[in-house]
Amino acid sequence: DAGVIQSPRHEVTEMGQEVTLRCKPISGHDYLFWYRQTMMRGLELLIYFNNNVPIDDSGMPEDRFSAKMPNASFSTLKIQPSEPRDSAVYFCASRKGGGPGIIDEQYFGPGTRLTVT
Amino acid sequence: AQKITQTQPGMFVQEKEAVTLDCTYDTSDPSYGLFWYKQPSSGEMIFLIYQGSYDQQNATEGRYSLNFQKARKSANLVISASQLGDSAMYFCAMREGTGNNRKLIWGLGTSLAVNP
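Residue numbers (this note's numbering), protein chains in the order written: chain A, 1 to 117; chain B, 1 to 116.
Looking at chain A on its own, in the form it has when it is part of the complex:
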């Protein structure tokens, strides 16, 4: 069974360019999370979806960031325009819905390492 798939694995772009990160969650998972990881700030939750609907986007840094989930098997995180301070590793994670007796651990993709010059 395939895990969470992210593309691209590495992205180098110039300041001002648009960047689109892609994620395919595990089939059957109801929740999808986008995280950003940096040395200074650790792992930050940007936004998450339940059944393709955004539930909490309070972690999205500013209007330059947007995320969509058009269907259960695909999500994008877009940065426009990109800035050097956006350089980080971006993770996508997914999980099943929780409930009594269910351990709702998140399964992470391999991440996208973004460098903005």
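None of these hints come from the bench; they were simulated from the model. Here a beta-carbon is modelled for each residue, glycine too, at the ideal position from N, C-alpha and C. Take the hints with a grain of salt, since some may be wrong.
Just a sample of chain B residues kept apart from chain A, beta carbon distances all over 12 Å, derived [stated by the list, open to error]:
| # | residue |
| --- | --- |
| 1 | Gln-8 |
| 2 | Gln-14 |
| 3 | Thr-20 |
| 4 | Ser-28 |
| 5 | Pro-30 |
| 6 | Gln-39 |
| 7 | Asn-67 |
| 8 | Lys-70 |
| 9 | Ser-74 |
| 10 | Ser-82 |
| 11 | Asn-115 |
| 12 | Pro-116 |
The calculated BS3-like cross-link candidates involving lysine-lysine, where the alpha carbons are at most 30 Å apart (straight line), are [as the list claims (entries may be wrong)]:
| # | chain 1 | residue 1 | chain 2 | residue 2 |
| --- | --- | --- | --- | --- |
| 13 | A | Lys-78 | B | Lys-103 |
| 14 | B | Lys-103 | A | Lys-24 |
| 15 | A | Lys-96 | B | Lys-103 |
| 16 | B | Lys-70 | A | Lys-96 |
| 17 | B | Lys-16 | B | Lys-73 |
| 18 | B | Lys-70 | B | Lys-3 |
| 19 | A | Lys-24 | A | Lys-96 |
| 20 | B | Lys-73 | B | Lys-103 |
| 21 | A | Lys-68 | A | Lys-24 |
| 22 | A | Lys-96 | B | Lys-73 |
| 23 | A | Lys-96 | B | Lys-3 |
| 24 | A | Lys-78 | B | Lys-70 |
| 25 | B | Lys-3 | A | Lys-68 |
| 26 | B | Lys-3 | B | Lys-103 |
| 27 | A | Lys-68 | B | Lys-16 |
| 28 | B | Lys-70 | B | Lys-16 |
Chain A is already provided as a structure; the job is to place chain B on it using the hints.
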């Protein structure tokens, strides 16, 4: 204020010895869950172990166990018989919220180095 605190930025352990990684948490929610993840140098995040707030016994998973002290709000990870492959970053996380609004709050991590 930090909701998840990992006070040890870095730890060293000798191969085959046991090591404890500290995690304290802060919540007023009676229902919560605690997770530990491992992040090796390759970058992927790997789920290790889970403890629910109502679980009566400490969680165990192979060489991993969780020393859950609810009154002290601590959930320390114990790795027994350390192996070289255990060298990695370890993150403690707490699940908050109910229903659809359930997300993880993450600590800053502890870097573990296992010496041969």
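Checklist entry - Honestly, which of those hints from before does the structure not fit? => result 6, 24 and 27
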